[in-house]
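Residue numbers (this note's numbering), protein chains in the order written: chain A, 1 to 291; chain B, 292 to 758.
Simulated from the structure, these hints should not be mistaken for laboratory data. A few of these clues could be false.
Distance condition first, Cα-Cα at most 30 Å in a straight line; then the derived DSS-like pairs of lysine-lysine [to be verified]: (1) A:K47 - A:K108; (2) A:K108 - B:K631; (3) B:K631 - B:K757; (4) A:K108 - B:K446; (5) B:K631 - B:K558; (6) A:K170 - B:K757; (7) B:K377 - A:K170; (8) B:K757 - B:K558; (9) B:K558 - B:K446; (10) B:K377 - B:K631; (11) B:K377 - B:K558; (12) B:K631 - B:K446.
Sample of chain A residues lacking proximity to chain B, with all beta carbon distances greater than 10 Å (derived) [stated by the list, open to error]: (13) N28; (14) Q34; (15) E55; (16) R112; (17) P147; (18) G149; (19) K170; (20) P189; (21) S205; (22) N219; (23) T253; (24) G254; (25) S262.
Note that the coordinates shown come from a computational prediction; the quantities given were computed from them, not determined experimentally. The beta-carbon is built from N, C-alpha and C at its ideal position, and this holds for glycine as well.
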Amino acid sequence: MMRSAKLCLLVSGLAIACATAQAETVGNVGAVNQTARGTPPGQSVRKLSLGVGVENRERIETSSEGSAQIVFRDTSTMTVGRNSNVTVDHFVYNGTPGGGSQGVSLAKGVLRFVGGGVSHGAGANVRTPTASIGVRGGTALFWTKSPCGGQLVVIQYGEAIISNSHGSAKLRRPGFGVCVSGNGDISEPFLVPPEWIAQMEAALSSDATQHGGAVNLPNNPDANQQLGQVRPPSDIGNPSTPSILDDLNLIWTGNTFVESQSSVNNLPLPPPPRNSPPPDGGGRPPSGAMK
Amino acid sequence: MAFDFFSLNSLPRTPRVFLSTLQAGVVVCVAFGAGACFSTPVFAQNLIVDEQNARAEQARLAEHIRVHPTDYDTTYRYVVLSTELKDYEAGVGALERLLTFNPALSRARKELGFLYARLGAYQLSAQHLRRALAAGDLDAAQVAQIESHLPEIEKQNEASRWYGRFQVGVRSQSNANFFPSNDLFRVGGVDRIGVLQRRSDFNAFELGEVAHDYDFQNQNGDRFETRISGYATQQFRLSEYNVGLFSISAGPRLALAPDSLPGVTVKPYVTGLVSSLGNINYLNSGGAGFNVNVPLGPIFSVEPGFEWRALSVNTRGFTPTVATLASGDTLNAYLTAYAKPVDDVRLETRLSYVRGETHNSPQSFNQIEAQGLLRIDFDPPVYEIGRKWTIAPYGRVFQLQFDSANLFLDPFRARRDVGWATGVAFEAPITPNFGFATAFEYSRNWSNLPNFNSNNFSVTVGPVAKF
């Protein structure tokens, strides 16, 4: 009887160990404001903490004060905002750009996705209650109960294809978004008001008293020292900045005018026929330019 | 840290090697021309190897900070390296994390704002930059950088966008009247010594450009572009060569096929020019054209185009038919190419073919021309200057071939010129709106008719204002 119990315990232990080994860590918690909880598949709810691994099919929930950033193995990040519920549906990455697949489900709340190796090629997929969004690139914001009256999807870089049984739409210009109504209608793309963007950002950020789980905080002097003093590129705010060649061409055009007219003015007159008066005007040297 | 472009010792080894290679490439470009720069196999090979090393280092750092998210020093290195590799999303994710740890980390917020601008997310960029500025704890250098760029970034969010650049100054010319180098003129097939002489001169000049974009605010980024430019000179001595020039072009820039040809745009436009010479109307022109902008990956883009113009030229004097310019029509086929291999280096080249059909057939011509400019931005020596300075070596070369001989000059020889110019332009912004610019240029024109053999050395200098 005793031997059977020991054998049983051993088998159970091995089974648990095997299950744990098979639960692949697909990313880690990069920052977390409490309360944020994770529920790995087949396991009980746990409080998320800095650096802890996140598994496939793990559900992440945040309270009205909570938020969490998950850093995936392909360097993509997913920030889960306040009052949100997100599940990592699947993540596979083989280490090459585009090599793998990535899917998350947003049941409610606010989500920021910043792409990495997977989304740069094949694209990542975000499911909301009424639509499926393929993100290629790319950086996008999602909000289930937004001021647009439905689910708001905003692209910030790359492109996103929003589709459901009612149709599809493509976002390709940063700052543009679509609204997916409760019955699944997808709006035409529109430029999202900056106030809505600011509201989403607020839901995704720490407030003044929160520190994302860090004890020692990063500070400006260290950041200044480490980030250096390199200035941004000159054309960062104006990609169609005027060309220096345009200026030069303007000057060269002026030069051509002068050269053209001076070739007339400089020309010595042919010797006048005998007993005829010199022609008026033509070839008259400019004032003060005589040798 | 002054002149950071040349001082890389503060960087980690791999990006330092990477950037050193780029610098070497830039030197090759400057010394031997753009063609040598991009065709040098060793340079290209080193670039690839060093980028691979840098990417391997980036992956190593990413793996480390994924499990040690509060290792800030490594996170900063990761941000710097990712930015150098143009993997801006990686930098965004890391900076967003730092701000979750400390929402008052205004330096990280400033960098995040600039990274969003690089991605084209100007709304988010402006929000972060304004917050960083409002925090009030950035040092003067960081504040200057934001103040220098934030107005332009905010402008990108508006439907109606104005840009302007104005320069006033003084220009000296060693040969302001384009007098032949050897004083020789061919008249009626006979070489004669000129009665005038080469004249140097100074002028005061005004150069201005105003650009307006009306953004239709659709997903394609379609917009209506208006470009106005003006140039005027007041010669100190040779007032008959005072130039006044005003040109305008306007037309929509439209996405051609955003889904199948992303980024490809077409711009049909109308254009016009009025000018004066010696304070009397000289050349007026009007026409239309189109160009197509085609991005070829993240570094290169090309812009082929075609333009027709009708010209009316008021050449004064006894022998207007010897002038280079004459009334008629011009057809211009051109190809502009841009390359931006790294943030601070931009190569711009233009090739063009112009056919001039003039009312007086001996003045009809064919011209081919190549222009190139290598723009190199670098950090100024003073931290508190927020915008980079620019040095830009440039050159042009052209061949001008007239259809037939001009009987007045040489009844047996049609004029053929080969001209070139080389120079260097330097621009030094001091405040967000004011700066200083200068340029040195030497030009030479060879012709089979001695009348048109000339050279000229010019220097321009003056303050610049922009908005």
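Status of the hints after comparison with the structure:
{"no.": "1", "hint": "A:K47 - A:K108", "in the structure": "holds, 19 Å"}
{"no.": "2", "hint": "A:K108 - B:K631", "in the structure": "violated, 42 Å"}
{"no.": "3", "hint": "B:K631 - B:K757", "in the structure": "holds, 23 Å"}
{"no.": "4", "hint": "A:K108 - B:K446", "in the structure": "violated, 34 Å"}
{"no.": "5", "hint": "B:K631 - B:K558", "in the structure": "holds, 22 Å"}
{"no.": "6", "hint": "A:K170 - B:K757", "in the structure": "violated, 37 Å"}
{"no.": "7", "hint": "B:K377 - A:K170", "in the structure": "holds, 25 Å"}
{"no.": "8", "hint": "B:K757 - B:K558", "in the structure": "holds, 25 Å"}
{"no.": "9", "hint": "B:K558 - B:K446", "in the structure": "holds, 22 Å"}
{"no.": "10", "hint": "B:K377 - B:K631", "in the structure": "holds, 12 Å"}
{"no.": "11", "hint": "B:K377 - B:K558", "in the structure": "holds, 29 Å"}
{"no.": "12", "hint": "B:K631 - B:K446", "in the structure": "holds, 23 Å"}
{"no.": "13", "hint": "N28", "in the structure": "violated, 5 Å"}
{"no.": "14", "hint": "Q34", "in the structure": "holds, 12 Å"}
{"no.": "15", "hint": "E55", "in the structure": "holds, 15 Å"}
{"no.": "16", "hint": "R112", "in the structure": "violated, 7 Å"}
{"no.": "17", "hint": "P147", "in the structure": "holds, 15 Å"}
{"no.": "18", "hint": "G149", "in the structure": "holds, 21 Å"}
{"no.": "19", "hint": "K170", "in the structure": "violated, 7 Å"}
{"no.": "20", "hint": "P189", "in the structure": "violated, 5 Å"}
{"no.": "21", "hint": "S205", "in the structure": "violated, 6 Å"}
{"no.": "22", "hint": "N219", "in the structure": "violated, 7 Å"}
{"no.": "23", "hint": "T253", "in the structure": "violated, 6 Å"}
{"no.": "24", "hint": "G254", "in the structure": "violated, 4 Å"}
{"no.": "25", "hint": "S262", "in the structure": "violated, 5 Å"}
Of the numbered hints stated above, those contradicted by the structure are hints 2, 4, 6, 13, 16, 19, 20, 21, 22, 23, 24 and 25, listed in ascending order.
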